[in-house]
Amino acid sequence: MFPDERGRFGEFGGKYVPETLMSALVELEADYRRLASDPEFSRLLRSYLRDYSGRPTPLYFASRLTEFAGGAKIYLKREDLNHTGAHKINNTLGQGLLAKMTGKQRVIAETGAGQHGVATATVAALFGLQCTVFMGEEDMERQALNVFRMRLLGAEVIPARSGTKTLKDATNEAIRHWVEHVEDTYYIIGSVVGPHPYPMMVRDFQRVIGDETREQIIEQEGRLPDALVACVGGGSNAMGLFYPFLRDGNVRLIGVEAAGEGIETARHAATMAKGSRGVLHGSMTLLMQDEFGQVQPAHSISAGLDYPGIGPEHAHLAKSGRASYEPITDQEALDAFTTLTQVEGIIPALESAHAIAYAVKLAKTLPADDLMVVNLSGRGDKDVHTVERLIGGSLQ
Amino acid sequence: MTMRGQTAIEQAIRNCYKRTAFIPFVSAGDPNEDVSYRILLELAQFSDVIEVGIPYSDPLADGPAIQAGSLRALQAGMTLPKALRLIARVRAVSDVPLVVFTYVNPVVQYGVDALMQACADAGADGLIIPDLPFEESAETREAAVRHDLALIPLISLTSHERVQMIAASATGFAYCVSSLGVTGERASFATELRAFVDAVKRASSVPVAVGFGVSSPLHVRELAEFADGVIVGSAIVRRCEDIQNALSSGDAARLDDSIEALSQFARELSEAGR
Ligand SMILES: Cc1ncc(COP(=O)(O)O)c(C=O)c1O
Chain E
1 MFPDERGRFG EFGGKYVPET LMSALVELEA DYRRLASDPE FSRLLRSYLR
51 DYSGRPTPLY FASRLTEFAG GAKIYLKRED LNHTGAHKIN NTLGQGLLAK
101 MTGKQRVIAE TGAGQHGVAT ATVAALFGLQ CTVFMGEEDM ERQALNVFRM
151 RLLGAEVIPA RSGTKTLKDA TNEAIRHWVE HVEDTYYIIG SVVGPHPYPM
201 MVRDFQRVIG DETREQIIEQ EGRLPDALVA CVGGGSNAMG LFYPFLRDGN
251 VRLIGVEAAG EGIETARHAA TMAKGSRGVL HGSMTLLMQD EFGQVQPAHS
301 ISAGLDYPGI GPEHAHLAKS GRASYEPITD QEALDAFTTL TQVEGIIPAL
351 ESAHAIAYAV KLAKTLPADD LMVVNLSGRG DKDVHTVERL IGGSLQ
Chain R
1 MTMRGQTAIE QAIRNCYKRT AFIPFVSAGD PNEDVSYRIL LELAQFSDVI
51 EVGIPYSDPL ADGPAIQAGS LRALQAGMTL PKALRLIARV RAVSDVPLVV
101 FTYVNPVVQY GVDALMQACA DAGADGLIIP DLPFEESAET REAAVRHDLA
151 LIPLISLTSH ERVQMIAASA TGFAYCVSSL GVTGERASFA TELRAFVDAV
201 KRASSVPVAV GFGVSSPLHV RELAEFADGV IVGSAIVRRC EDIQNALSSG
251 DAARLDDSIE ALSQFARELS EAGR
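Line order of the protein sequences matches chains E and R.
The first sequence lines up with residues 1 to 396 when you count with the numbering used here.
The second sequence lines up with residues 1 to 274 when you count with the numbering used here.
Derived by calculation from the structure, the hints in this document are not laboratory data.
The beta-carbon is built from N, C-alpha and C at its ideal position, and this holds for glycine as well.
Just to be clear, a hint being listed does not mean it is correct.
[Claimed, not checked] With the Cβ distance kept under 10 Å, some of the chain E side facing chain R (calculated, not the full set):
hint, residue
1, G7
2, M22
3, E40
4, S42
5, R43
6, L45
7, S47
8, D169
9, H177
10, Q216
11, E219
12, Q220
13, G222
14, K274
15, Q289
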């Protein structure tokens, strides 16, 4: 199973970071492997996931959405019901506990939509750790409510003013800060990206989504699903859902990426459709770049998918053909946002709305006895303001 | 025929005898291609080696000054092929060893071997790739050997038991990072710096230079006590901002003065190493 001992998923992954961080990454991997097999760590993590975050999250049969699509049965994995409103907490509880149990007093994080920042600030409060979050200046405007939530939780939020002023540059700033404070600071990366061991570790902390889904669908339907659908920014909610099913060849794995204004335009975040091999944020992966290797700005209506790279394990799954990746535009996501809200009474995060949009398209083409699970990675409270600005006038 | 490649770099630093070698850094094409050429020729008069940065969209190891320099160059249209052309122009009139400083992604995109070939053709002598640690560098090291280019590794205060392995792989020189953090001017150095540099010297057969934070003649004098060379980046690049301002003013005399000021600063840094 991947990654190999060099942190590679096939040709992707690895550790492309300044030398100053190398010892810390080696140490982190050793700490992680030790704690991952420590029954006390597992027991504590399980109890926080259950009693603090509310796991297991339900697997909900969305009958009205199924009827709306008119094809395969659509189940929703309700990660939106987690404490703080998204799957991000699965990872921050894991890494926060790791930081705590290895004696770190201070954590830092990057954030796009602010969901990972909020989830990090939350566990920092829970475990009594100091917390600093880097966030693109543009995202701080788009997601002002989450900025305030982080500050309420006691975190310091530092605007990333370099480059595109979004998630890519917030990640650069977090890495730069980590290089300077590596001796006393734990960096909680928010997705299955970054240098080894992060993509492996974040996947392992998120696999609880897929493990629960597997048990729940067998309990409810007596068999495995035919397709799994999840949105992909860096790819953590998708990896968490897919991972326990990698060896089940009959289960189709579909990641949905943000096509922004369309993949034929310059404004999208469709790394799989348009990216090429290269190094971003410490790992060999696929990214959007020009012919000289300059990283290109991404665009998506959802700040959480507005990222020009993707986790290395996804790059590998795409290359090997085990998973496929489909683009969904801003407009399609927006339509799915209102659809889910109106037919199921569930307001999804704009990120998750991308998965819903594709799921509806796909369900139409499949027979009624096919089973599909869509990861509802987060709830849409944070996006209501954005959506109001876009469609508010049309609702009377 | 003059030497090129790793030997040229190593000899240039060794030939300084009792002086510490002066190694300035500038971004290629900052503030534009022609002025950058003039700057490089000025620096060549006082430098033992010059580091030429390839401007990059995501310079992870760099602080604000070099990020800004990189951005100025990109906005003026600099690209990797144009930077190599600039290096070739400098090479045509100067023998100063030139080291290409580039992040790894442009290398991957160009192709490792193809880029080494292009660097050698342009007359560059070596490369520094700050986000390519030893463990990921096997292919690049082999290509560097094939094209007789130095691959200069960074070694940090946190490298500890990794020092031996990295220092032994160094060609050209070994680059000691003076402190934790990204590039940028600093007031003072870590107290353990000297012991660290001494440890790197024991582990390597090439000269050992110190960079990150070196910003004044005083710093250079301090480091000259134990380093074979000093690298000055941000303090020089910050002066390129003055040059950019002079350039955009359209006043040719002001442009000449700002370049002269940079040149004067380089001379002072170089002389401080005596
Ligand atoms: C609700 C939600 N879903 C998905 C994502 C995208 O991240 P990933 O691809 O790592 O799951 C985010 C990121 O902010 C998010 O908030």
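We went through each hint and held it up to the structure:
Hint status for E/G7: holds, given a least beta-carbon distance of 9 Å to chain R, under 10 Å. Because the closest C-beta pair between E/M22 and chain R is about 5 Å apart, less than 10 Å, the hint holds. For E/E40, the interface hint is violated, the least distance from its beta-carbon to any beta-carbon of chain R being 29 Å, above 10 Å. Using the Cβ-Cβ criterion of 10 Å, the hint placing E/S42 at the interface with chain R is not satisfied: the shortest such distance is roughly 30 Å.
About 33 Å separates the beta-carbon of E/R43 from the nearest beta-carbon of chain R, more than 10 Å, and the hint is not met. The interface hint given for E/L45 is violated, since its Cβ lies 29 Å from the closest Cβ of chain R, which is over the 10 Å cut-off. Interface hint status for E/S47: violated, as the beta-carbon distance to the closest one in chain R is roughly 35 Å, over 10 Å. Of the supplied interface hints, the one on E/D169 holds, with its beta-carbon coming within about 8 Å of a beta-carbon of chain R, less than 10 Å.
Checking E/H177 against chain R: minimum C-beta separation of about 9 Å stays under 10 Å; hint holds. Because the beta carbon of E/Q216 sits about 41 Å from the nearest beta carbon in chain R, more than 10 Å, this interface hint is broken. Because the beta carbon of E/E219 sits about 45 Å from the nearest beta carbon in chain R, more than 10 Å, this interface hint is broken. The restraint placing E/Q220 at the interface with chain R is violated, with a minimum CB-CB distance near 45 Å, outside the 10 Å limit.
The criterion of a C-beta within 10 Å of any C-beta in chain R is not met by E/G222, whose closest approach is roughly 47 Å, and the hint is violated. A cut of 10 Å between beta carbons decides the hint on E/K274: the least distance to chain R is about 15 Å, and the hint is violated. Evaluation of the E/Q289 hint against chain R yields a held restraint, the C-beta minimum of about 6 Å falling below 10 Å.
In summary, the structure is inconsistent with hints 3, 4, 5, 6, 7, 10, 11, 12, 13 and 14 from the numbered list given earlier, while agreeing with the others.
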